[in-house]
Amino acid sequence: MKKNIILLLIVIILGVVPLFIQQGAEFGGADGQAEEAIGKIAPDYKPWFHTIWEPPSGEIESLLFALQAAIGAGFIGYFIGFMRGKNKKVDEKGKKVPYVAD
Amino acid sequence: MKGLKMKKKNLIIIYFAVLLLCIPKQAFAMHIMEGFLPVEWALFWWGVTLPSLIIGLRSIKKKVKEHPELKMMLGLSGAFAFVLSALKIPSVTGSCSHPTGVGLGAILFGPTTMSVVGFIVLLFQSLLLAHGGITTLGANAFSMAVVGPIISYLVYKGATKVGLSFSVAVFLAATLGDLGTYVVTSFQLALAFPSEVGGMMASFAKFSSIFAITQISLAISEGLLTVIIMNGLTKYNLQALKLLHVLSKEGR
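Top line first, the protein sequences correspond to chains A and B.
End of the first sequence sits at 102 in my numbering; the numbers just go up one at a time, nothing left out.
End of the second sequence sits at 1252 in my numbering; the numbers just go up one at a time, nothing left out.
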């Protein structure tokens, strides 16, 4: 448990440190930069196909992102809690029934 | 027998479809943009990716048939990839990208299973979030859902063989798989857009400085997060790990 907290702290530090060492940076998407690079290497290249649907605004896009993360995290939380609970039950019964997710 | 097989297949498809409908996919900052690969390259990468998808579908079918209790684990692998690919994280280069999250599932289920899962993640990203694209889906799936998981899987196997501890092996596998994905993306762009001066290698240097370097700190984060989940699994769900032959000693 302690080990996990330390690992999690490192993850957070890795995400926060760039904000300080790159103070003036825009923190835009790497794919946008790649688009620019293509524009320089092959100025004549025109994308031949366009996105079918785009989130109408940045707000809606971030809604979809948040929803995605929330649902995924919800499933992971449920799964871990389910495993723990089942493990406890087995312990209480004193039976050596190994738990397997179903 | 055939009917039964079909039913199982349908179930799997419905399972993922439902999973995915609930989870609008995400993220900016990796993946080749829609329409940004010339037609011939777009088709080529689709062709390379398809076999892995077919093998993956079969392997999922087989595993779930043998051990239906593994479905939850499969769901976990998918959920992990969804969460991680939704997190756009700042990197030391001053731009943002997101991890892939496919390393966990590749270690648990093998690389081809994650081809299917990764493909589904990318499909929904391109349809709902205008991230990546349908025409470039083959290429993006090749980097994130084919090569990334293969690297993770091989690194994991190799690291355990050499005698590294479980956590270190998992960390290296997830980190290098993530990094490998973006190296492949850079390579794909370089192949399609060789620089006039310096040719393909010059382009590769350019694209990898955009994608791969940005990815280094994120890849480390992904490695650490994967270790955390694995710690939980070894603590509470050892049985499933044994079923999947993940632990070298207990497995097989």
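Because the hints were derived from the structure by calculation, they are not lab data.
None of the values given here were measured: they were computed from a predicted structure.
Beta carbons: idealized from backbone N, C-alpha and C, even for Gly.
Honestly, I wouldn't trust all of these hints.
Unchecked claim - Straight-line Cα separation of at most 30 Å, DSS-like style, residue types lysine-lysine; simulated pairs:
id, chain 1, residue 1, chain 2, residue 2
1, B, Lys1235, A, Lys89
2, A, Lys86, B, Lys1235
3, A, Lys89, B, Lys1157
4, A, Lys3, B, Lys1242
5, B, Lys1065, A, Lys2
6, B, Lys1065, A, Lys3
7, B, Lys1065, A, Lys86
8, A, Lys2, B, Lys1157
9, A, Lys3, A, Lys86
Stated by the list, open to error - Chain A regions said to be covered by chain B (calculated; three or more residues, Cβ under 8 Å):
id, segment
10, 2-15
11, 52-63
12, 71-80
Said to hold, decoys possible - Between beta-carbon pairs, the in silico distance windows are:
id, chain 1, residue 1, chain 2, residue 2, range
13, B, Asn1010, A, Asn4, 52 to 62 Å
14, A, Glu35, B, Gly1163, 37 to 47 Å
15, A, Ile12, B, Val1168, 15 to 25 Å
16, B, Ser1165, A, Gly24, 32 to 42 Å
17, A, Asn4, B, Gly1163, 33 to 43 Å
18, B, Gly1199, A, Pro47, 34 to 44 Å
19, A, Phe20, B, Ile1134, 34 to 44 Å
20, B, Glu1196, A, Ile6, 29 to 39 Å
- Item | Given hint lysine 1242/B paired with lysine 3/A - CA-CA distance at most 30 Å | holds, 23 Å
- Task: Starting from the range 34 to 44 Å, see whether the pair glycine 1199/B and proline 47/A falls in it by beta-carbon distance.
- Result: Violated: the Cβ-Cβ distance is about 23 Å, outside 34 to 44 Å.
- Pairwise beta carbon distance, isoleucine 12/A to valine 1168/B, judged against the given window 15 to 25 Å: holds, 21 Å
- Taking a Cβ-Cβ distance under 8 Å as contact, does the segment 2-15 of chain A have three or more residues in contact with chain B? Per the Cβ count (8), the hint holds.
- Could you grab the alpha-carbon distance between lysine 1065/B and lysine 86/A and see if it respects the 30 Å cut-off? Holds - the C-alpha atoms of lysine 86/A and lysine 1065/B are around 23 Å apart, at most 30 Å.
- Item | Holds or violated: lysine 1065/B to lysine 2/A, with C-alpha atoms at most 30 Å apart | Since the Cα atoms of lysine 1065/B and lysine 2/A sit roughly 37 Å apart, the hinted pair is violated (cutoff 30 Å).
- Item | Verdict for glutamate 35/A, glycine 1163/B (Cβ pair) under range 37 to 47 Å | With a Cβ separation near 45 Å, glutamate 35/A and glycine 1163/B satisfy 37 to 47 Å, so the hint holds.
- Query: Lying within 52 to 62 Å: is that true of the beta-carbon distance asparagine 1010/B to asparagine 4/A?
  - Reply: Given about 39 Å between the Cβ atoms, the range is violated.
- Taking only the CA atoms, is the gap from lysine 2/A to lysine 1157/B under or equal to 30 Å? holds, 27 Å
- CB of phenylalanine 20/A to CB of isoleucine 1134/B, is that within 34 to 44 Å? holds, 39 Å
- Query: Does the hinted range 32 to 42 Å hold for serine 1165/B and glycine 24/A at CB?
  - Reply: holds, 41 Å
- Regarding glutamate 1196/B and isoleucine 6/A, is the given constraint of 29 to 39 Å on their beta-carbon distance met? The hinted range 29 to 39 Å is violated for glutamate 1196/B and isoleucine 6/A, with Cβ atoms some 49 Å apart.
Of the numbered hints stated above, those contradicted by the structure are hints 3, 5, 6, 13, 17, 18, 20, listed in ascending order.
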